[in-house]
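Colleague: Turn these sequences into a full structure, and let the hints guide you.
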Amino acid sequence: MTRNGKAKRPLPLAASVAMYAIAIILAAATAIGNVYANKYSDLISVYFNQPTSKVVSASNETTEHFTSDYASDDEREQALADMGTTILREGVTLLKNENGTLPLEATSKISVFGQDSVDSVYGGGGAGSIDTSKAQSLMDAFEQAGFDVNPTLTEFYTTGAGKDYRKTSTDAYGKGTFAVNEVPASAYTDDVKKSFASYNDAAIVVIGRSGSESQDLPTDKLASGYTYLQLDDDERAMLKMASDNFDKVVVLLNTQNPMELADLEDDSIDAVMWIGSLGQTGAGGVAEALNGTVNPSGHLPDTYAYDLKSAPSSANFGSYAIVNGTDRFTSSYMAYAEGIYVGYRYYETRYEDVVLGNEARSNYDYTKQVAYPFGYGLSYTDFTWSDYSMKKADGGFDISVKVTNTGKTAGKDVVQLYMQSPYTDYDKANGIEKASVELVGYAKTDTLKAGASETVTVHVDQESMKTYDSTGEGTYIMDAGDYYLAVGTDAHNALNNILAAKGKTTADGMTENGNAALAAKHTVHSQDNTTYAKSAATDEKISNQFDDVDLTTYDNSFTYLSRSDWTGSWPATYADGKWTASQKFLDALNIDTAQSEPEQKPTTDTDNPSYGKLNASMLMDADYADESWSALIGQMSVKELDQLVRIGGYATKSVSSTQLPATTDKDGPAGISSTLVGGESGMGYPSEIVIAATWNSDLAESFGKAIGEDSLALKVAVWYGPACNIHRNPYGGRAFEYFSEDSYLSGAMCAKVVAGAGSKGVVSTVKHFALNDQETNRMGGAIFANEQTIRQLYLRPFEMSVRDGGATAMMASMNRIGSRWTGGHKGLMTNTLRGEWGFNGFVVTDQASYSVFAYEDLREGLEAGTDLWLNTDAGLWKLPDDDMTDGVIANMQRAAHNISYAISRSNAMNGLSANSKIVKVTPLWRWGVYALDGVVTVGAVALIAIATLQILRRRKRDATVAAETGEPAANDGE
1 MTRNGKAKRP LPLAASVAMY AIAIILAAAT AIGNVYANKY SDLISVYFNQ PTSKVVSASN
61 ETTEHFTSDY ASDDEREQAL ADMGTTILRE GVTLLKNENG TLPLEATSKI SVFGQDSVDS
121 VYGGGGAGSI DTSKAQSLMD AFEQAGFDVN PTLTEFYTTG AGKDYRKTST DAYGKGTFAV
181 NEVPASAYTD DVKKSFASYN DAAIVVIGRS GSESQDLPTD KLASGYTYLQ LDDDERAMLK
241 MASDNFDKVV VLLNTQNPME LADLEDDSID AVMWIGSLGQ TGAGGVAEAL NGTVNPSGHL
301 PDTYAYDLKS APSSANFGSY AIVNGTDRFT SSYMAYAEGI YVGYRYYETR YEDVVLGNEA
361 RSNYDYTKQV AYPFGYGLSY TDFTWSDYSM KKADGGFDIS VKVTNTGKTA GKDVVQLYMQ
421 SPYTDYDKAN GIEKASVELV GYAKTDTLKA GASETVTVHV DQESMKTYDS TGEGTYIMDA
481 GDYYLAVGTD AHNALNNILA AKGKTTADGM TENGNAALAA KHTVHSQDNT TYAKSAATDE
541 KISNQFDDVD LTTYDNSFTY LSRSDWTGSW PATYADGKWT ASQKFLDALN IDTAQSEPEQ
601 KPTTDTDNPS YGKLNASMLM DADYADESWS ALIGQMSVKE LDQLVRIGGY ATKSVSSTQL
661 PATTDKDGPA GISSTLVGGE SGMGYPSEIV IAATWNSDLA ESFGKAIGED SLALKVAVWY
721 GPACNIHRNP YGGRAFEYFS EDSYLSGAMC AKVVAGAGSK GVVSTVKHFA LNDQETNRMG
781 GAIFANEQTI RQLYLRPFEM SVRDGGATAM MASMNRIGSR WTGGHKGLMT NTLRGEWGFN
841 GFVVTDQASY SVFAYEDLRE GLEAGTDLWL NTDAGLWKLP DDDMTDGVIA NMQRAAHNIS
901 YAISRSNAMN GLSANSKIVK VTPLWRWGVY ALDGVVTVGA VALIAIATLQ ILRRRKRDAT
961 VAAETGEPAA NDGE
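In UniProt numbering, the protein residues as written are 1 to 974.
Hints were generated in silico from the structure; no laboratory data involved.
Computed from a predicted structure; not experimentally measured.
Note that the Cβ used here is the ideal one computed from N, Cα and C, for glycine as well.
FRET-style restraints, in silico, Cβ to Cβ:
#	residue 1	residue 2	range
1	Thr580	Ser186	46 to 54 Å
2	Thr107	Asp82	23 to 31 Å
3	Thr293	Tyr930	55 to 63 Å
4	Asp191	Ser310	37 to 45 Å
5	Glu680	Asp191	39 to 47 Å
6	Lys613	Glu77	36 to 44 Å
7	Lys613	Gln78	44 to 52 Å
8	Asn358	Lys194	53 to 61 Å
9	Asp73	Ser389	47 to 55 Å
10	Glu512	Tyr70	46 to 54 Å
11	Asn358	Tyr70	54 to 62 Å
For lysine to aspartate or glutamate, the following EDC-like pairs were computed, each having C-alpha atoms within a straight-line distance of at most 16 Å:
#	residue 1	residue 2
12	Lys96	Asp263
13	Lys134	Glu680
14	Lys221	Asp232
15	Lys96	Glu265
16	Lys639	Asp886
17	Lys444	Glu454
18	Lys428	Asp565
19	Lys194	Glu155
20	Lys715	Glu64
21	Lys917	Glu61
22	Lys639	Asp882
Modeller: Printed below as a string of structure tokens:
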């Protein structure tokens with residue numbers, strides 16, 4: 001009763017109905033939320049950086065198998081910051097320096113031009129991105145280095161009219177546009193122009209370009225009238241403004257792809273320095289190079305052509321359609337029609353053919369083709385080389401040369417070793433191509449003071465002389481003929497030294513005379529078809545594995561570029577970009593789900609009586625082939641096998657039966673990154689292309705160790721990196737993640753990074769395996785290339801990562817090779833990777849958390865040799881019980897062996913010993929979900945109770961009114 005004696009009116013019926021509806025919605029939302037929480041539990045745990053298990057260790061046993069080199073987090077973070085700076089110190093590459101313009105006086109008053117000066121390129125987009133909020137800016141670095149920077153000009157770019165102009169590129173999903181958007185000359189105010197007079201020791205002009213995952217750089221002209229890798233009119237006007245107002249103009253190329261730089265040869269540009277991407281701490285290295293604290297010692301990892309589209313790959317680069325494909329993942333293709341002639345292998349080879357008289361001079365003028373050759377780089381000092389020698393040693397040759405600093409400034413030099421193989425009649429008859437020079441070794445000197453010398457020795461294994469003969473012998477051969485080994489400051493210089501050894505001069509069309517004393521000849525008197533027909537790593541016979549990837553298998557009229565007829569074999573866009581595929585190819589697209597019948601029925605969930613109960617810690621030192629691995633894997637249940645193999649996105653599952661620890665797995669090649677999945681990030685480093693530009697293998701290994709330090713600190717055992725695809729075309733969107741256009745430099749650097757990271761217990765998943773050399777149509781696109789090209793260019797970096805770096809993981813690419821997804825190609829994943837190279841470890845797919853990737857079939861992948869699916873959806877790729885055959889289970893056991901082996905060698909084992917126990921724990925976010933479930937449940941129940949109570953009250957009131965009046969109760973406005 002209320003105070004006036006009347007009963008409290010119940011809520012309107014509509015309110016009660018609304019309460020029921022809200023309760024149902026809350027219950028449904030909670031149910032759906034729990035479904036997705038369960039599906040993506042591992043990913044959520046990674047995002048919130050929360051463990052799902054803990055280790056209970058036994059006493060008196062060693063459990064820390066990998067340890068940090070640093071006593072504290074502060075010490076470690078400072079060391080890693082310095083590593084990023086050091087990569088730029090050694091990677092900055094001096095391309096031009098007229099009249100000793102650089103270095104500048106440390107106290108110089110400078111004006112820094114370009115919107116990129118305040119919006120610099122620190123990394124790329126997507127998996128290779130870094131946290132720029134923690135990055136040191138160029139402006140801060142310049143000031144810390146002692147320069148007096150024009151504040152009026154800087155403020156113009158940050159808060160004035162220049163703030164409205166910023167370059168743009170696509171995001172990790174390919175959305176957005178590429179645009180330079182440099183500040184036009186008309187936007188510069190009179191105050192800005194007046195400020196030049198007070199800060200006029202030098203103008204520093206910063207030019208920036210970057211790329212991203214999922215999209216290649218546009219090759220067509222932008223709205224500006226220029227391609228993305230050309231200087232546009234606004235940039236030219238900015239350069240003119242600088243040259244009109246300053247006696248010294250220095251250009252910094254904050255870029256990650258080669259650019260067309262003819263404009264910078266103008267006399268008004270005094271110095272040009274390529275600085276790549278900066279990472280979080282690299283700007284300091286740039287400033288030190290400008291003021292002379294550091295002497296630039298970087299060399300280009302790519303050829304810079306005047307016309308980037310002169311690359312033979314340009315004819316087949318972009319998006320091309322298979323018109324009779326069956327779906328979006330079977331409807332694109334790419335023909336590597338240029339064969340081996342990528343980068344300098346094309347430009348230098350055609351140049352030699354002109355000098356030798358095999359190509360008309362009217363067809364090719366090297367001086368109009370190449371602005372800066374592969375390996376090019378200047379110094380603030382001068383070096384001379386002498387006392388060259390070649391000696392047989394350790395199954396190959398030791399090449400030695402004395403390097404003397406003949407200048408006035410201390411600095412480092414890079415000795416590059418190139419080999420020329422004979423191009424024989426047998427080669428021409430069997431479709432084997434030979435470049436005029438190929439990099440086979442390099443070494444960087446220590447810092448040499450003025451007048452000091454160092455004798456550098458580079459070893460090259462005789463195996464470097466092999467070539468793949470897919471048509472004749474179907475294996476590797478070593479041709480008969482003359483082999484030349486020459487050192488050079490770059491690829492062109494080394495070739496000129498070889499040509500000089502052949503008696504050629506400028507009279508024969510050389511750009512300059514070479515030095516015959518820096519080259520030597522080795523003659524092989526008869527063709528060797530047996531020595532390299534077996535793997536040096538495993539002794540397995542080597543035979544063709546990629547006939548199905550060669551486009552001639554499906555079109556026998558197709559030809560690849562050949563130096564025997566440059567003009568006649570010059571690539572055209574295959575099928576004009578619209579290929580009606582043969583039925584043979586369409587049939588080959590069908591997924592093969594057949595599984596090999598195991599020799600014996602697999603046993604699961606069983607302890608082997610010969611070994612007793614095993615755990616992963618007991619096998620940390622067991623060889624891959626040790627039989628105890630079979631016993632360990634046999635302890636796993638089918639459910640454990642399925643979950644370990646199938647749900648491996650950004651984490652791997654722990655396995656109770658074998659006490660295999662869970663891992664956290666993260667991108668990216670420029671440092672452990674939270675960009676895609678949250679959690680904590682490590683140090684963000686300059687991109688891999690800058691590491692390649694250092695030509696310093698020791699530094700590459702130290703970079704790998706730095707990754708390892710963050711791995712230990714962040715407890716991220718599996719690193720989705722490094723990446724070692726090839727810069728096939730200058731417009732490749734992900735070039736910053738890859739080292740070079742050259743397979744040897746890429747492989748040597750990648751192997752050192754893997755070895756360095758491995759020394760700290762990191763499982764490096766070397767990616768993207770393989771032929772993922774463009775972003776356009778990387779999902780399902782069919783890539784065609786001949787076997788020689790595949791092996792000698794595109795697989796070689798991966799092979800070196802295994803054989804020289806000890807890699808225990810690979811990441812399969814999302815493209816097809818020929819008709820088959822790479823992860824489903826047994827010739828690649830098993831016969832080559834494991835059979836020929838001796839790889840022990842696991843292959844993980846690239847992103848596989850979407851059901852639309854139906855071409856990446858689980859059964860086909862398992863049968864081919866893929867082990868782990870980068871999948872975060874607990875329900876995806878699940879096979880029906882009827883499909884879990886003995887063959888599938890046996891393949892899952894093989895995969896579990898590979899995964900367990902790699903993890904057992906990793907820092908995920910820290911805290912574990914033979915008697916330790918892994919205990920699963922509920923992560924904090926789970927408790928939050930439980931609490932939210934409870935609150936929602938209580939709320940929903942309360943709403944239902946209140947609504948029901950109100951309905952009952954209404955019925956009671958209605959009944960009372962009816963009894964008293966004999967009439968129904970009033971409507972109350974419901």
